[in-house]
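J.: Residue numbers (this note's numbering), protein chains in the order written: chain D, 8 to 276; chain Y, 6 to 299.
Misleading hints may appear alongside valid ones.
Stated by the list, open to error - Here's a subset of chain Y near chain D, in silico, CB distances under 8 Å, partners left out:
1) D190
2) L199
3) G201
4) R204
No lab work stands behind these hints, which were simulated from the structure alone. Using N, Cα and C, we set each Cβ at its ideal position, and we do this for glycine too.
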Amino acid sequence: MAVPDQTIPTHPAVEIQGVTLNYFTPDRETLALANVSLTVEQGEFVAIVGSSGCGKSTLLSLVSGLLPPSRGSIRIDGKEVAKPSPRVGYMFQKDTLLEWRTIIDNVLIGAELLGIDKIVARRRAEDLLVRYGLGDFLHSLPGQLSGGMRQRAALARTLCCEPDLLLLDEPFSALDYQTRLALSDEVAGILSAERKTVILVTHDIGEAISMANRVIVMSRRPGRIKSERKTDFPSFGPTRPTPFQARKCSEFANYFQTIWDELDIHQIH
Amino acid sequence: MMTSTKAALSHFVRFAPRSGSAPASAPSAAYAAYLRSLKRRALSIQLWQIGLVAALLVVWEVAPRAGWINPMLTSYPSAIARTFTRMLQDGSLTTHTLVTLSETVVGFVGGMLLGTFCAVVLWWSSYVYRVLDPFIVVLNAIPKIALVPIFYIWLGDIASIYAMAIAISVFVTILMLYTGFQAVDEDKIKLVRLFGASRLKVLTKVVLPGSVPTMIAALKVNVGLALVGVVVGEFQAAKAGLGYLITYGSQIFQMNLVMTAIVVLAVISSLLFIGIQALESTVLRRHGGVGGGN
């Protein structure tokens with residue numbers, strides 16, 4: 008009581024400690040993740056890159072609480088993860104909009120399942136959709152929207168329940184190149200304005216470097232953390248460049264080359 | 006095909022004002038000609054269809070009268086029309102039709118409900134599914150019509166007809182719906198689970214609404230099957246209904262009666278099918294607006 012600082016204990020946003028995951032099928036046992044440890048600070052944007060099948064998406068499933076680790080521990084804000092929590096938002100590669108629900112009803116599904124006050128949630132959902140340029144499409148069906156618009160609706164759905172931590176599982180890879188660049192710029196802006204903690208999983212090195220403060224490279228299966236590096240752009244100045252600006256900075260090419268080498272993509276076996 | 010074209014057009018109309026480049030002026034001459042050719046084509050197809058029916062009726066009427074075929078075996082349209090109006094006037098046709106119709110509706114609704122329930126149970130527990138799977142496959146493979154005498158002995162003349170209609174449609178429903186449930190996007194299930202959804206919520210929020218197109222497909226199959234079940238059930242057991250009329254008519258060698266009953270059956274099954282198609286086009290508009298799914 009005498010020390011007011013202790014009333015707000017500051018834990019890292021995510022602490023992954025010695026996490027191992029193996030799963031079983033009738034014909035084999037697969038070690039998907041081997042002794043992975045990673046700490047993500049509050050407000051940090053971390054990207055995880057790795058070749059396909061390296062277990063990076065599995066890691067997100069573990070952090071989200073959908074899957075328990077075989078060994079090791081995962082803490083969010085200092086608390087052990089046991090099951091999915093509304094404080095964690097998840098975005099998929101596909102927009103996973105339910106095609107029989109209107110856009111607004113899709114955005115409200117989280118509130119509906121979590122039993123959040125309908126009127127408050129509705130106002131927030133409408134506000135988000137208007138801000139993301141979908142104000143004219145509240146009552147449209149997903150089938151009437153373009154890919155980029157659908158993914159923005161999915162982002163609104165994720166942010167409607169006000170999560171502190173966002174897990175993005177290749178959220179742009181189903182989009183065409185132009186939409187992808189534009190949307191990643193938009194999303195990075197939205198997330199940094201809202202000071203969210205983000206873990207982005209991607210196989211797109213450029214996307215990782217330009218969006219994240221830190222890039223983690225994972226090895227082939229069994230997934231281990233191979234390297235991690237902060238992506239700073241001193242040439243841009245004291246502020247963080249937007250993803251689009253970052254791609255034009257002189258540091259970008261160097262980061263790209265280093266990470267490319269670490270990924271061992273050219274070793275086709 | 007007509008509906009899907011319409012849906013596609015309305016889609017463009019919806020977005021037209023936003024594109025800004027397309028002027029809302031009169032269509033070009035080439036476009037008008039294209040629309041006219043579409044209309045001509047649709048009209049000529051309809052004329053062919055009407056012509057084919059008319060030709061069939063004429064041949065059917067003329068051939069027995071000219072003595073080319075035995076009228077005792079085929080009857081002819083005018084005689085069938087006479088029987089039809091006579092039975093309509095004395096009310097017997099309405100009675101028989103209503104009997105068959107209500108049996109059919111009860112049959113396919115019952116088959117749908119029971120089939121959906123079973124499919125949900127199988128989806129809920131993969132263990133139960135693994136246990137029961139071979140039995141369902143075998144039961145589905147049995148020609149259900151072979152069970153008519155057994156149902157008659159066990160259940161009597163009325164219940165056996167309902168049982169037949171349900172038995173013939175329920176296994177297909179189970180298999181179709183279970184496959185449909187399995188085909189629901191895993192990520193959509195993951196999505197609602199991330200919002201803390203229980204298995205019941207996964208079922209009611211994603212799996213069932215996502216399977217509406219499958220349910221309608223099952224309904225389409227079942228309407229036809231239930232009608233088969235009812236008619237076959239009536240052959241064996243009934244004192245009323247169109248199936249009864251057919252057996253009775255053939256026993257007393259009254260082809261007029263048999264043909265009348267068949268015509269009414271054709272009308273019933275077409276009407277039921279049209280009804281389901283109407284349901285389909287309203288419901289499936291919410292599922293990406295694909296219409297017929299082709």
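J.: Was the hint right that R204/Y lines chain D, CB cutoff 8 Å?
T.: Since the shortest Cβ distance to chain D is 13 Å, the answer is violated.
J.: Are G201/Y and chain D close enough, Cβ to Cβ, to be under 8 Å, as the hint says?
T.: Hint holds; G201/Y Cβ to chain D Cβ min 6 Å, cut 8 Å.
J.: Interface hint check: L199/Y, Cβ to nearest Cβ on chain D, cutoff 8 Å. Holds or violated?
T.: holds (5 Å)
J.: With a cut-off of 8 Å, does the beta carbon of D190/Y approach a beta carbon of chain D closely enough for the hint to hold?
T.: holds (7 Å)
Consistency note: the structure conflicts with earlier hint 4 alone.
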